[in-house]
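Visitor: Heads up: the sequence lines are chains A, B, C and D, in that order.
Position in the first sequence (from 1) plus 126 gives the number in our numbering.
Position in the second sequence (from 1) plus 126 gives the number in our numbering.
Position in the third sequence (from 1) plus 126 gives the number in our numbering.
Position in the fourth sequence (from 1) plus 126 gives the number in our numbering.
Any given hint might turn out to be false.
Copies of the same chain are indistinguishable here, so a pair counts whether it falls within one copy or spans any two.
Said to hold, decoys possible - Taking lysine to any residue and the SDA-like style, the derived pairs with C-alpha atoms no more than 25 angstroms apart in a straight line are: (1) 209 x 356; (2) 209 x 350; (3) 464 x 358; (4) 464 x 370; (5) 462 x 514; (6) 252 x 292; (7) 446 x 458.
Everything labelled a hint here was simulated from the structure, so no lab data went into it.
These numbers come from a predicted model, not from an experiment.
Protein chains: 4
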Amino acid sequence: MGLKSGRHFLQIPGPTNVPDRILRAISRPTIDHRGPEFARLTREIIEGLRQVFRTSGPVVIYPSSGTGAWEAALVNTLSPGEKVLMFETGHFATLWRNMAVQLGLEVDFVPGDWRHGVDPAVVEAKLAADRGRTIKAVAVVHNETSTGVTSRVAEIRQRMDGLRHPALLLVDTISSLASIDYRHEEWGVDVTVGCSQKGLMLPPGLGLHAISEKALATARSARLPRSYWDWEAMLEDNRAGFFPYTPPTNLLFGLREALQMLFEEGLENVLARHARHAEATRRAVRGWGLEMVCLNPEEHSNSLTAVMLPADHDADALRKVILERFHLSLGTGLGKLKGRVFRIGHLGDFNDLMLAGTLSGVEMGLALAGVPFTKGGAGAALAYLSER
Amino acid sequence: MGLKSGRHFLQIPGPTNVPDRILRAISRPTIDHRGPEFARLTREIIEGLRQVFRTSGPVVIYPSSGTGAWEAALVNTLSPGEKVLMFETGHFATLWRNMAVQLGLEVDFVPGDWRHGVDPAVVEAKLAADRGRTIKAVAVVHNETSTGVTSRVAEIRQRMDGLRHPALLLVDTISSLASIDYRHEEWGVDVTVGCSQKGLMLPPGLGLHAISEKALATARSARLPRSYWDWEAMLEDNRAGFFPYTPPTNLLFGLREALQMLFEEGLENVLARHARHAEATRRAVRGWGLEMVCLNPEEHSNSLTAVMLPADHDADALRKVILERFHLSLGTGLGKLKGRVFRIGHLGDFNDLMLAGTLSGVEMGLALAGVPFTKGGAGAALAYLSER
Amino acid sequence: MGLKSGRHFLQIPGPTNVPDRILRAISRPTIDHRGPEFARLTREIIEGLRQVFRTSGPVVIYPSSGTGAWEAALVNTLSPGEKVLMFETGHFATLWRNMAVQLGLEVDFVPGDWRHGVDPAVVEAKLAADRGRTIKAVAVVHNETSTGVTSRVAEIRQRMDGLRHPALLLVDTISSLASIDYRHEEWGVDVTVGCSQKGLMLPPGLGLHAISEKALATARSARLPRSYWDWEAMLEDNRAGFFPYTPPTNLLFGLREALQMLFEEGLENVLARHARHAEATRRAVRGWGLEMVCLNPEEHSNSLTAVMLPADHDADALRKVILERFHLSLGTGLGKLKGRVFRIGHLGDFNDLMLAGTLSGVEMGLALAGVPFTKGGAGAALAYLSER
Amino acid sequence: MGLKSGRHFLQIPGPTNVPDRILRAISRPTIDHRGPEFARLTREIIEGLRQVFRTSGPVVIYPSSGTGAWEAALVNTLSPGEKVLMFETGHFATLWRNMAVQLGLEVDFVPGDWRHGVDPAVVEAKLAADRGRTIKAVAVVHNETSTGVTSRVAEIRQRMDGLRHPALLLVDTISSLASIDYRHEEWGVDVTVGCSQKGLMLPPGLGLHAISEKALATARSARLPRSYWDWEAMLEDNRAGFFPYTPPTNLLFGLREALQMLFEEGLENVLARHARHAEATRRAVRGWGLEMVCLNPEEHSNSLTAVMLPADHDADALRKVILERFHLSLGTGLGKLKGRVFRIGHLGDFNDLMLAGTLSGVEMGLALAGVPFTKGGAGAALAYLSER
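Isolated chain A, as found in the complex (with noise of 0.2 angstroms):
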């Protein structure tokens, strides 16, 4: 049967569902970027971030997907030739490696297994180590999208003060941001990327920064070529509510929207909620028998959950009947863990019977392609979810 009627379940680790509110926020008639209702929309949705970043700094909105905000927080700190250390913690902290590599920048690159987070002790074993203070920059992936495995940021930056270590601290909230607890004021990062399309509930297209003093001072002596990226030309515009090019209106008038309905629902109501999905979808996959990619138990995601299939069974082919037959997107397994990993998204506009939907369409799947499996997961999770 041609399943294709209902609701879409798009259970990939973002783009997340986008409220039907948030739609109709982006389909109101563009307006002038430069004329006086911008420049409230401007201020309202930067005011509106900070308090999303946990901070009382600048932030930063580009036109661009998140990617383009991982380029904009190393151009703007780093100069040519500088060692940046990064951790293998999985597909999206290898592509932020290369991207630095590309850039002309040295990373020291800690090897990993891409089923644990960021090890503080490693940091601070690398950065004690690092006499000559040439290590200009640490970058770490709060929220790894690719395994659902998250790093302690607080306990990173703690091991870092330890020291007096001058790096910097860059960390990557794509897939955490308005999901998972987050400050980067309190927990002293330097540059915090974000992007639109996972807990903000937006579609892709803004990337996002929260900057310190510090990282915006050093910005003033970094020397990789920069324009499309240069905070102070960005930052000076969007002191009078305008951007130094033409903004993604559209995109704005959702994102002032999705701030609004995070504030109605309360930022602490969010991640709480985003808990309470996460450790029901744990329960399923432990209930079906099956193994998570996340191998300590206080790095699980509250964001998404990376499920390994058996050897010999390949999560691709699982998740072409689940799509086809149920219309349900999984999040494919990425770099290494290609075929061998599927991974559920449950962060952004979401809710129990959401949840329930997308467990039921997993169970189902995995009978239907042939997976060993131990049935029930789905009812472990809705026992959970109806007790609290």
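Starting from the known structure of chain A, arrange chains B, C and D on it as the hints suggest.
Guide: Then chains B, C and D, alone, in the frame of chain A:
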């Protein structure tokens, strides 16, 4: 927790979940209802509606709710004081009876227990006893939305034909059209009454008729006062693509899109999908150990399932818990079923995972509301769904 | 050239240009019409409609076109064979008369030339002559959409009051509500009939009533058959925020937005804006040397202007040229004005430059169609607009 | 009066009025950017863009503003310190120069008066003098959005070819693409830079390239650091229908719709429409007795017209009056034209009556702002429009 994030599950038996394609269609700018573009629209939707009603004869679109189309069916075909044979199959059948009485008709209202459809043998007996041919119309609700019981329209017609009784056959397909097998022409129905907000997946606001030649001929001498509902002016103006008064343009945009969606999926597939989801739902109800309102296995509705709660349990309290906790709207018990019954709509734009979410919400809600039931109903539904 | 790019100018006298805010509002997902959110919606729009009708009494919203609200006004207040005084002010007044006759009422239809409003002196004479008080209702079209002539409702009421005649006063404000000064309560109207697709800026699909206490009392004994249109069930269910049958939810979303827009602009400002655009339009027509249908300067409509073409010129040929060349829809001549008249709608969501575009289109069209006229009418309108 | 009712006239030279079809398209639910439906979308829009650029070669779509596509053109083709020949045709040409300098290129910036396009003879002289072939690229703005002056790209190419100079030709078509005749392949351009929010009628958020084989080959050895903008990964992933990072899905939905609209109208018709509206606008400006920025009749832009105010008159004060009184946004004077110039955008989704409204608004605004001018400019435009 205030779980208001994510998509609402509108599982009342109509209005149903309006697909985003249709919502976008009805947000097109309104056009001149006397211009050439409008005439093309009218012709296209009338042709499409014919296929949905399965008729080659006239169809009529009223700017009204389905209740208006009930009234229109009566006032176009009957004269003051004429007798109509009606059947107490549930709340809506009772309301239609009340309307007929209010309009000045005499109604022979065959009592019922709200748990069975119309008994064709009773129709036959009633008409056989009507030697004077004083019964001018037999009015039947095909799918009683308050109980989830369908009546066997084709068989009723056969009994009428067997007696050569000249009464018209008026059928309400409000909650069956485009969801449950129905054939206006083949079954010899004289006036079929439908609406927009159920199987047609639109918001409310359109009342629909399919009309037989015999009904049209009868209308010429029917003397209940009528103007707004009058077929003649409507059919004449429709021929040129127009309406005798301002039509509800934007809902017609939506209707065109709805018809396209039905034809893309294939009407047969649409009916099969409804049958499948209905059977899955019944398995869930049986799995919970709850009783359905419908007692005759041949009369189960494919568009909704009405479920009885054990005595001393308030169905509306259950519905309230489910709405507040799970963002799921279920149908209330109507009329004498108030508080004793809840109804699950599984019609319109729907799929397996939406059903899984719905049944999960009901199952979790039963537990939260303290209703005695057996766990696993949702699981039984999923087992059925994954088998075929 | 096929000039189909750009925004269509829908300058018929309704449906009017629906603002994008309202189009977005009606594209919200349909909600449960028996749930708490719906009840809040109902209460909010009923309260807002009261302000628009300028009444503290009951208002009613039908899922119907305005024509349905005409029928509802008659069947709620009158009994078969009762006499109604009506006036031939134009095409729509004639249609309303025809409806009354069709419904079994006796109509005293005062002939008119379609170029004047109702003469209050004639009302007085007719009622004064009615010693037996057989006239049960006086029915007046406030703004005749086919001619652009308004009638003086307050003065008519004064004449009726002067005679202490007990007839009800029924007024059609289809194309004047929220566009031309109108006061249901202050003017002592018994039933005011309105609709959605004109000054309220919505798509068609809602019929509206404001009702006096006297009309309500009369309804209790009025004996024309009615069910769908019956006030009693409607008002009772409305009290709790609900409807006796499925309401047109998405149009009600739009109505809420429309009311907000009217109140944001300010009702007085809305009326003043319509007056200003109407005067500008009349200056254009005079500048072209063309004749308006309306002959009495006190009776010019502020929502539309009907313009006569010189004999031997076909207004529909002109309209066709203008539609094809300039993407501008104008109103056709109706009834006996067919082909002789075109109508410019300047009501609803409108502004100076939309009017400038409209009048420019008419002026260019007159030239293209070979209609003899004086150039510069559009310029005269602009001169007026820029002065105030 | 606060005339905020009615449709806003967004007559800045981009973003342009986004047609409601496109606004609805971008409000479709976001889909999986790694799924089969997305791959079909990518292929369809790339094929369509090729027709718009008039190329059979590769095109690239960036999630960025047009400014990003400027940067991408430079970093893909040039190495640090290499020389680029650029021309001071206006504000945007100056910004592009500044970007090149900031990225570490050496720019030979030919001064200009902001009232003429690039002089092909100067290009020839510069390149002829460049015996050492140190000039690696010639960068030209096809249509200077700040001045309304177009440059003769085909002729520039001919001069380059005549000298067999190997420099690449980079052309900015930000405000000419899909509005003014442009032929990437036939004219031998190496990199054409475009964006979404002008002739393509979309909101901002997409940067576009058409690329020659020669440019692609050059990219392999170009050494400016690049990652986000890198063509190679983009073109490789595009081949399969995907992107190397998350693409701006909803804007791509809009792009597909925009391309359909352009092809429905016919690209030749689109260009002819722009030419017609531009000529009408120029007649209006001449009628007012005002001066255009563009001094060379062969170089008038078909997408916007920049108008100078008499000395002692502030163009921004005029724009403010027009915005507040007439809900019409005009372009501001940029850079050294600040306050002296206003710009009328007449590109994108536009028609005769929108232009009539726009010019009427300008004419009324000139009067209100006390700018000395001759009445009747708008009328002169209409006279031209009605002739053809």
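Visitor: Compare the structure with each hint and give your call.
Guide: Comparing the hints with the structure gives:
1. In this assembly of identical chains, residue 209 and residue 356 lie within 25 angstroms of each other by CA distance both inside one copy and across copies; the values are 20 angstroms within and 22 angstroms between.
2. For the identical chains of this complex, residue 209 and residue 350 are neighbours both inside a copy (13 angstroms) and across copies (19 angstroms), given an alpha-carbon limit of 25 angstroms.
3. For a Cα distance limit of 25 angstroms, the shortest separation of residue 464 from residue 358 across copies, 22 angstroms, qualifies, whereas the shortest one inside one copy, 40 angstroms, does not.
4. With identical chains, the CA atoms of residue 464 and residue 370 are at most 25 angstroms apart between copies only, with a shortest distance of 16 angstroms across copies and 40 angstroms within one.
5. In this assembly of identical chains, residue 462 and residue 514 lie within 25 angstroms of each other by CA distance neither inside one copy nor across copies; the values are 37 angstroms within and 34 angstroms between.
6. When the C-alpha separation of residue 252 and residue 292 is checked against a cutoff of 25 angstroms, the pair qualifies only within one copy, where the shortest distance is 13 angstroms, while the shortest distance between copies is 49 angstroms.
7. Proximity of residue 446 to residue 458 under the C-alpha cut-off of 25 angstroms is restricted to the intra-copy arrangement: shortest distance 10 angstroms within a copy versus 38 angstroms between copies.
This entry does not satisfy hint 5, going by the numbered hints stated previously; all others are met.
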